[in-house]
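**Q** Kindly produce the complete structure, drawing on both the sequences and the hints.
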Amino acid sequence: MSKKHCFKSITLSNKIAIEFVLFILIIALLPGCASQKGEKKDPFFEKWKIKAEQSKGFSPSARKSVVDLPEKAMEEKAKQEGEVPEIFTAVKPEKLLPSDKISMKMSNIELSVLLRTLAKAVNQNIIINEKVTGKVSINIEDASWDQVFKGILNSHGLAYTWEGDMIRILTVEDMQQDIVRETQRREMERVEPLLTKVVQISFADSEDLKKNLETFLAGKTDGKTHGSVMVDKHTNALILHATRNDIESILPLIEELDRPTPQILIEANIVETSKETARELGIQWGGVYKRNMPGDKTEWVTSGSRSDGILGDTLDPTTGIDPTSGLAVNFPTSGTSITGTAMTLGYVIENLGKHVLAVQLSALETEGKLNILSSPSITTLDNQEAFIESGREIPYQSATSEGTADTEFKSAVLSLKVTPHVIDDKTIKIEIETNKDEPDPTYTTEPPIITKKAKTTVVLFDGQTTVIGGLSKETTSESESGIPWLRNIPILGYLFKGEYKSREMEEILIFITPHILKEKVMDEE
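Quick note on numbering: the sequence shown equals residues 4 to 528 in my numbering.
Because the hints were derived from the structure by calculation, they are not lab data. Just so you know, even glycine gets a beta-carbon here, dropped at the ideal spot from N, CA and C. Errors might be hidden in some of the hints.
DEER-style ranges, computed between Cβ atoms [to be verified]: (1) Gln-150 with Glu-176: 23 to 31 Å; (2) Phe-390 with Pro-255: 34 to 42 Å; (3) Thr-382 with Glu-251: 31 to 39 Å; (4) Val-183 with Lys-98: 23 to 31 Å; (5) Glu-251 with Glu-176: 34 to 42 Å; (6) Ile-375 with Glu-251: 56 to 64 Å.
**A** Here is the structure:
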């Protein structure tokens, strides 16, 4: 009886323990479920997030143009009557002459007889003009037939050409007649009927294409263009008026030149900050870059001998640390082993430039360490300049010829010119030119404009950020404080007041990030 009672007690205890453990697990899982529920994405924001990503645009896809030409049989009917005879000249492709070894000894023999004898020795058919005359003596032993044949012709100012399997001997007069016939044949080709075709141009500049095609046509003949190329601006098409052969040569050229060029989205952040903050930013964003390694591995390394300041850890000199995980960079950077001048030109790679840069600039603006003047973005074509300008009109008083005052304005702008060139689908060469105008505040009349420019050419990866600095200005201010009334007493007032002067250096930083817009698939919705 006691054993049974003990067994029931143990079972009851185990049941209570299991229920207690389950209760603890449920309590532990509740926050996780709540957090998962709290992390549910809002469909409204997700919808507009997708629209914002798609609004960047795409690069156009290539299109294949088809231009039909009439059948040659129909074209032949339009040609002038009379056929162009086939002309054989000495410049036709040369067949190999016989190279058999021969021995021959003759004295004072007719040249035509010698040539026929040579041809008979190798069973070669030969045609000799009656104008081929002269006497010749020959004494050769075991010589190659082709060398003997060419030597005799050269000695008498003759040439030869192949007509089928026969050799035709040419005199100087024969060669001149062949040249005349060839010239006449080419002239007859030029009067070949001209065809007119309209070719739609999708991407290239029609005027530039017209100039190139006219140069191409002129280069095929004697420098004169036979036919014409016209531009229809309304439909952006080329009107070709040329021979069939010329059109057949032009069409592949047009298809090769009329290709879509990639579009590049240029994103910029124009920031005004102090010299100290600029230096800190320059050290961080100028020192990290990424490279791909064999085996689908990616390593992040820094320049020089720098080994700290990233994630607060020591940087392995061989593998590096991926700064995109968690907090990308340590701010401010404490490393002192960086060579070069901070904020002259720096690089930031992909996710760093796309995400961390914007977050950090916004955080610094909130802290009052910098002021984001502008964050423009503009899309341009490959090799086409993109221009961004922001500034103001400064009013000033000027005197007219009548002696009255007049208000005029002078521009002071911050401008940015960017010309990208896509090297491949991941690399961009980009020309950057910045200009910053600042009026001299000490002038009350027409203020002189202080201009600072920076111009450079860099090669960046798609999504990489480059930083341009050095557009600095010095601001001097004066202030006074003291006891009211007493500080205005002559001489003694200096005992009751203080004067303060401050001088600050402000830096303009321009972060530029180019993105190659992907090609849009034609059947994509």
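**Q** Next step is simple, just say for each hint if it's right about the structure.
**A** How the hints compare with the structure:
1. Separation of Gln-150 from Glu-176 is about 26 Å and conforms to the stated range, judged on CB atoms against 23 to 31 Å.
2. Checked against the given bound of 34 to 42 Å, the beta carbons of Phe-390 and Pro-255, roughly 36 Å apart, stay inside it.
3. A hinted range of 31 to 39 Å for the beta carbons of Thr-382 and Glu-251 is consistent with their spacing of about 38 Å.
4. The supplied range of 23 to 31 Å is met by Val-183 and Lys-98, whose beta-carbon atoms lie about 25 Å from each other.
5. Range check, Glu-251 to Glu-176: Cβ separation about 38 Å, and the 34 to 42 Å hint holds.
6. For Ile-375 paired with Glu-251, a C-beta distance near 58 Å keeps the hint of 56 to 64 Å intact.
In terms of the numbered hints stated before, the structure departs from none.
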